[in-house]
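J.: Residue strings, one per chain:
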Amino acid sequence: MTLVLNRIDDRLIHGQVVVGWGQPLDVKSIVLVDDAVASSDWEQDLYRMGVPPEMEVRFHSAADGAPLLDGYRTEARPGILLTGDIATMRALVVHGGVRDVNVGGIHHRAGRTQHLRYVFLTAAEEAALAELVTLGAVVTAQDVPATRAVPLAELVAARLSA
Amino acid sequence: MSDTAGRALVAGHADFAAGMISAVQQITGQGAVLIPIQVRDLCSDDIQQMLYQAMMTTGTRVIFTDLQAGSCTMAARRVLREIGEGVLVAGTNLPMLLDFALSTNANAVEAAASAAERGRGAVTVHTASPA
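Each protein sequence line maps, in turn, to chains A and B.
Take the first sequence: its letter number 154 is residue 154 in my numbering, and every next letter is one higher.
Take the second sequence: its letter number 96 is residue 96 in my numbering, and every next letter is one higher.
Calculated directly from the structure, the hints in this document are not laboratory data.
Some hints here could point you the wrong way.
[To be verified] Some chain A residues near chain B, calculated using beta-carbon distances under 10 angstroms: (1) Val4; (2) Gln16; (3) Leu25; (4) Tyr47; (5) His107; (6) His108; (7) Arg117; (8) Tyr118.
Note that beta-carbon positions come from the ideal geometry of N, C-alpha and C, so glycine has one too.
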């Protein structure tokens with residue numbers, strides 16, 4: 001599949017991914033890279049249940065998934081690459097050739113500061129996103145296609161009060 | 001307030017739950033049967049915690065959610081797995097909630113299953129033809 005979106009989203013597969021991006025991009029496949037999900041049959045069944053029958057979901061750990069991405073990019077069907085955190089996406093930037101990173105949803109947790117409605121980051125996470133840029137990736141935040149892609153510098157500079 | 005108040009949770013994106021329950025209230029006067037869980041920009045863990053707390057507080061074991069692929073549905077499945085009982089109906093529509101709100105079945109889980117069938121059958125398509 002052509003990977004048309006490389007997304008960090010702590011909800012993994014959910015409505016914005018399957019419907020919000022999936023329908024306009026005619027997505028036929030999701031590559032979900034997450035160590036915990038890759039090791040749990042129950043979690044995989046849960047996420048499979050959430051996609052339409054014509055949409056394939058492939059589950060990989062970060063270590064197993066990274067070498068497969070070049071192959072996935074040569075397939076004709078559009079697909080979305082999905083990770084639940086920045087560290088996993090970093091592994092795919094370094095070892096899987098990912099060059100565009102969409103920050104789709106990193107939500108509230110203790111110690112995080114709100115930058116956008118759907119992005120909360122610790123200082124370490126801000127630095128981790130900046131490192132993706134130094135590794136050669138273009139990083140933007142965008143929850144759904146109808147909204148504007150926010151460049152990383154603008155994302156980091158933005159502060160929303162709780 | 002009905003003596004069946006709080007028989008089920010309705011969980012969904014943005015104002016889905018409040019809107020659906022408002023419609024149930026207007027049509028049947030039984031909106032109190034349903035408890036809204038409104039989710040806006042929360043992580044999966046927070047949604048799961050909201051649902052779990054609501055189920056523990058109210059004792060209900062029925063959850064209606066909006067979207068099969070939605071994060072509420074995912075969280076609800078995890079909560080039901082943790083609790084070990086209850087029923088989840090995903091893809092909720094208004095006819096389904098109306099049937100549930102008006103159900104006289106004392107077993108809420110059975111009432112939810114029946115309501116799901118009613119909701120499934122209530123979807124129709126009418127195509128206009130030239131006069």
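J.: Tell me, in ascending order, the numbers of any earlier hints that this structure violates.
T.: Hints 1 and 3 contradicted; others consistent.
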